[in-house]
Amino acid sequence: MHLIYQIFVDPFVQMGSAPDLLVQTLWEGLVAGVLYSLIALGFVLIFKASGVFNFAQGIMVVFAALTLVGFYEHGVPAYLALALTIAVMFGLAFAVERLMLRPLVNQPDIILFMATFGLTYFLIGFGELVFGGDPKVMIASQLGLPKGAVEFKMAGGFVSLQKIDIAAAIIASVMVAALAVFFQKTRVGRALRAVADSHKAALSVGISLEYIWVIVWFAAGLVALATGIMWGARSEVSFALEIIALKALPVLILGGFTSIPGAIIGGVIIGVGEKIGEFYWGPLLGSGIETWLAYVIALVFLLFRPQGLFGERIIERI
Amino acid sequence: MFYREVGQYKTNYSADMSVMPLLQDRVGIGIILFIAVVIIPSFGNAFFIQAIMIPFLVFSLAAIGLNLLTGYTGLLSLGTGAFMGVGAYACYKLTTYFPGVNILIWIVASGFFSAAVGVVFGLPSLRIKGFYLAVATLAAQFFLSWCFIRQPWFYNYNASGAIEVPTRTLFGIPITGATASDTARYYVVLGVVVAMTWLASNLVHGRIGRMWMAVRDMDLAAELIGIRLLRTKLLAFAVSSFYCGVAGALLVFQWYGSAEPAVFDVNLSFFILFMVIIGGLGSLTGSYLGAALIFILPIVLRYIPPHLGIPIRPATVDHIQYMIIGALIVLFLIVEPNGLARLWQIGKQKLRVWPFPY
Amino acid sequence: MANAASGADTFSKLLVRNAHLYGARPAMRHKDLGIWQSWTWRQSLDLVRAYAVGLHRLGVKRGETIAIVGANRPKLYWSVMAAQMLGAIPVPVYADAVADELAYVLAHADVRFAAVEDQEQIDKIQSVMQRLPKLEFMVYDEKRGLRDYDHSHLRSMDDVIEEGRKALAGDPAVAEWLDKEIAAGKGADPSIILYTSGTTGTSKGVVLSNERSIHAATDTATFDKLNEKDVALAYLPLAWVGDHYLNYAQGMVSGFCMACPESADTAMQDLREIGPTFYFAPPRTLELLLTRVMIRMEDAGFVKRKLFHYFIDVARRYGERILNGQSVPISGRLLYWLGNILVYGPLKNVLGFSKVRVAYTAGEAIGPDLFNFYRSIGLNLKQLYGQTEAFLYVTAQPDGEIYSDTVGPACPNVDIRIADNGEVQFKSPGMFTGYFKDDAKTAEAMTPDGYVKTGDAGFFDEKTGHLKIIDRAKDVGRLNDGTLFPPKYIENKLKFYPNIREVVALGDQHDFVAVMLNIDLTAVGSWAERNNVVYASYQELAGHPLVYEMIAKHVAEVNRSLAADKIMAGAQIKRFLILHKELDADDGELTRTQKVRRGFIADRYAPLIKALYDGSKEADISTEVTFEDGRKGVISARVKIRDMQTEPPPMERAA
Amino acid sequence: MRAPGGPEVSVGDVLLSVDDVSLSFGGVKAVSNVSFDIHKGEIRAIIGPNGAGKTSMLNIINGFYHPQHGHITFKGKTRTRMQPHEAAYGGIARTFQNVALFRGMTALDNIMAGRSLKMHSNFFWQLLRHGPAMHEEVEHRHRVEEIIDFLKIQEIRRVPVGRLPYGLQKRVELGRALAMEPDLLLLDEPMAGMNLEEKEDMSRFVLDVNDHYGTTIALIEHDMGVVMDLSDRVVVLDHGIKIADGTPNEIKGNQAVIDAYLGVAH
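Residue numbers (our numbering), protein chains in the order written: chain A, 1 to 318; chain B, 1 to 358; chain C, 1 to 655; chain D, 1 to 266.
So that you can see chain A by itself, here it is in the shape it has in the complex:
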């Protein structure tokens, strides 16, 4: 009886009694969600274009962030460092296509999936070798990202929004918009969508798969960089970040592997749901439930919509 109360009543009472906390939590969730979305976005881009389930997306975030900071630490001016990092990400995309995707073309998905594991390990090793294992501070301010927080009163309490978070939200939305345009308007973008349907189609558009893959991985790299900067600015740059890649997976289930809007909305749902759950229900289950809550949400969701929020409906033919 008491338990029932604890689960189904008490949390909502709390929410009602302290709306400022609720808003605060929602905001936290939203921001976290945005970052999940960004990573998920990286996955979706690659999955759409090459059917590769890119496990390395998470590590690419870390790698990008580390490279950026690394350059800066070696005395490279912040914006130049940024440019260089972008160049590095392109190099990475190029190398991946050359050394990994091309030789593995037409292999079963699971093999490519495994290959991205290999990539992950390689990048971890490489990153630690070059930049060392210890955490670094993101050069947020040097990149002109705002500091501090805006606070405003609300229902007898405070709600404080980190400027950096606001920036994150904005940048994320800008990126999504940009990508949307890229997909809808540009020739490559259209080819890309064609690839998602069938590789032959892409070729008929007259663009080589190799080229498309490089572009896509590069795009994913950029997204990773952005994510890295944001996330790094909020906490710090270290391989601990890798875990957020796994956080992004339930987002994918929710949004569908091939849907960009799905990734965004899924991200927000997961982010918010996670924070709310952790904050209001966590205590009675013992804290730390956010490690799996996201998955359980996604899983339950899956049982009703196997193809995710926006994924194409699967009509089985035979």
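Derived from the structure by calculation, the hints contain no laboratory data.
Each hint should be verified, as a subset may be incorrect.
Okay, the calculated bits of chain A under chain B, using three or more residues with CB under 8 Å as the criterion [unchecked claim]:
| hint | stretch |
| --- | --- |
| 1 | 109 to 115 |
| 2 | 119 to 127 |
| 3 | 250 to 264 |
| 4 | 293 to 304 |
Using N, Cα and C, we set each Cβ at its ideal position, and we do this for glycine too.
Fit chains B, C and D to the given chain A structure using the hints.
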């Protein structure tokens, strides 16, 4: 070349359908078993038995478990680590509650617990497929490892949060815990692993194996020839998790001796998955080969530089090791996507038709 | 085993004896439904008894003939046994015989019954029914496709056997009656009629008697120490004396197991599975096999290939001597031992020869290289000489006395003499009792003092005392200048080249020797691939200038070897051509045992022969061909003719 | 052993009847108000131009799709929502337009898999591969070998089907269907993409199956020649609507059919 198949003809179906129709193969297995049972314990040093053979066998068993699910039934799972955990903790709890009962029984029994858990988390497999399912299994992974960390009941409220393996005996000889000799533990592991491998090969060579592979190769067609998809998939989940569970129990009770929850995190799942892929999907032999490669490679990499007298900081070794393993995995996938098992087969075929090329 | 055989003077009695001696040992195996179905001697006996009773109920009577048509299948062998048990005379017919030949044999043998393999044979027979007024009833093995056939004169063997079994079970009197029937069989009774595929004209029915067959088989089985533990693969035509002697008769006498392949095309695989200990193959089969081996080795990796050729060379040097138990340097033994592990052993394994204890080849001369190859890798291959009229064996090579160019000394209890005209004549235990319904021909084939004329020309080699066969006596002709001309001798020399499949040598009553030949599509084909010569058909490849070049080289070599031999020097080849089509049994150019039908070819290819001798560079020819499905068609071509240099006979040899 | 479900139907009676069945995918009508029946022991052809809804029809019959309207009566039992495996147990087997074999398995295992629904030995015997489990394996292997012999595919027994040429794959697939000892065999374009010789073989096999096993057959085929030779009765679909039903000869003359094939606008 060593194969002499002339005159090895079958006059009845049971002989024709035996798992190893060729005499030479049976002899080969015999030799391997002899080495495992007699040579290694009598000549292998403590390090070899304790730090290489025991874990190798345990991981092989886990790999077989995952292979039954992913390789034979085509269901990708990333929850292996957790299922192993369930086994380990189940065994731990069982032996704390019933110290009297022989530990071997509990090791096997713990398999049933992970089987049950496996079935629960396998339920979604009816509706969802491929990577969606893989991600779903991650739910199991994270939820369970969370339990191991956050629910003190699992580790008897130890301050350390780790589980300590008590000493248990078989015929008066300690086979678990601090006092158990390497050899004793080795024999227990060997016994269990060999027996379960035999059972697994029986399964996959029979009706159930065919049903699993049918589901893997084309589930719609499978359904239309009267195979019930959910049942078949759940059975695969159950059997697979059972194997992983036992492997997990062995891992803690016969190898580590004590374990933090962290042991059974998602990385273990990936580790086992590597073994299966590199070893070869849908091959029991492959599971062993994969386990050998993935488990032993790092050890080798770790011990080579010192022997070559190259002075490197251990941290650096770590990093380089990561890079090499990563690169090797990619390289290997490029060279032989079908895994070591395939190479093994090709080699065997060559020997069979020797001196001819095909 | 000889003594064991004594007492039993008919095959039926032998079968009974075997059921007692080797009751639980396998008598018959058959690759069917994926596994080797097996029957022990006891089971065979029971089955045959039931079958015999069943046949009797259908009206088969003592002394009657019954046709056996089909491939090597247990049920057909049992048909033979069942017939013999009733004192009826089985008449096996080649499964691939075209309706026409089939009609001739069945009519000539006045069969009232036929035991056939399947629908195909039944259709064939029914298509010539009007020529077989005597044929009343057919029993078949394969039910498939016969469901809606009129069964008033048709039964499945299974039913017949089942009926017999019921009868035997139901009434002990039947069993007694059958025992009497078996006892009633006399050694002198004919046991079988084998129709010779006769190199010339239509075939004759060679009648063999129980006791003679058994006597002969006993002698040779003893000679080769065959026993109940041996295994033989019955893959050669069941109607051919070779199969009936080597597998059926010797099997019955020594109680070994006869294994039937799943089908003709799986024979190779089945051979490998069953691993026979007693093996027979005509030279052309061995040749085909060797060619395949060499071709496959061509595709092997460099190292493997080198290894292979090195050790094959080692084998050539020591293998044979080791097999003959002669002295070999220790180093040689060592190398051979190594080679045996690396090459010979595995090779014999993939070919299915690992367990072969005794292997025979016969039918035509075998190339020394070919013969020595198999012996050198440790296959105890031997030659025998014989013919249907002798129930196969006349001479055979005993272990340890093996020469590629002889056929060995007379078999035990065989008496051989050479007539003045060089013809080989013999008296043997197994010799036939006469041609069926043809005393004239029988008389013709025998000498007044009871020797059989083989029709082969030959002589005893002084050195070895073994018999050497050059050619058919009547085929040995003379060129216009009087030089001796044994066509076979020349043809064989050419045929020993893997590239040459078939040869017809001409020269009798001509000024010089000329040959027409077939290239071997397998060998030349792969040669063409390696030298990227493109071709669409046999005809195109045969006409290719490069191919002519290659063949010309072979012919030149043959001329050289002919020149080396004084009497043959005059018979060198002056001109040759490559035929535009492969000689084929379906067109009547070859016999069913793949021997060349000279007379027939002479008029069929008259235009070419004319061209060969009138010096023209090429000639047109069009020939009618029969396709597998029996349809006929015509192919015509322009065939090139090639002139050859001849070598002068080396004087010092002459001296 | 006959499949369970429904009383035995004797030759000539209605084995299966399709009553007023309609199926649509999100607005697109695949089949609308189609009715026809299949008699025990006959060979029934379903023909029609591309997109006529033939394959959908088969998918409905063996429960892979569920019609929104109308129902199927099989062996006297009427079902609207039948699961595929139920259909299989009921005695309906099926081959597919583009071969749906288990590519990773040998021809033998594929056909053995076809007998799964007839094998019942429990899990623990399976584990030991002994006793009942092994007896069962042997017994069914024997049945399967008979099919292999019947289809003349002995030499490819142990070849993974993925490596087989198309024609042989089709044959193996037929074998797998036969292994189920079905009362009703659905063949979806059994001769698609075959050369003349292969077509003749396949036609032979289809007739033999019908004759030898007495199996009722419903087949979709484009090659009119084949249809006319093989089938006892033909039903013609066009744009999901039944436009004709009758013996081959009746169909030949039918104006609607001719129009449909000449693509006269509707």
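Ascending list of hint numbers which this structure does not respect:
none
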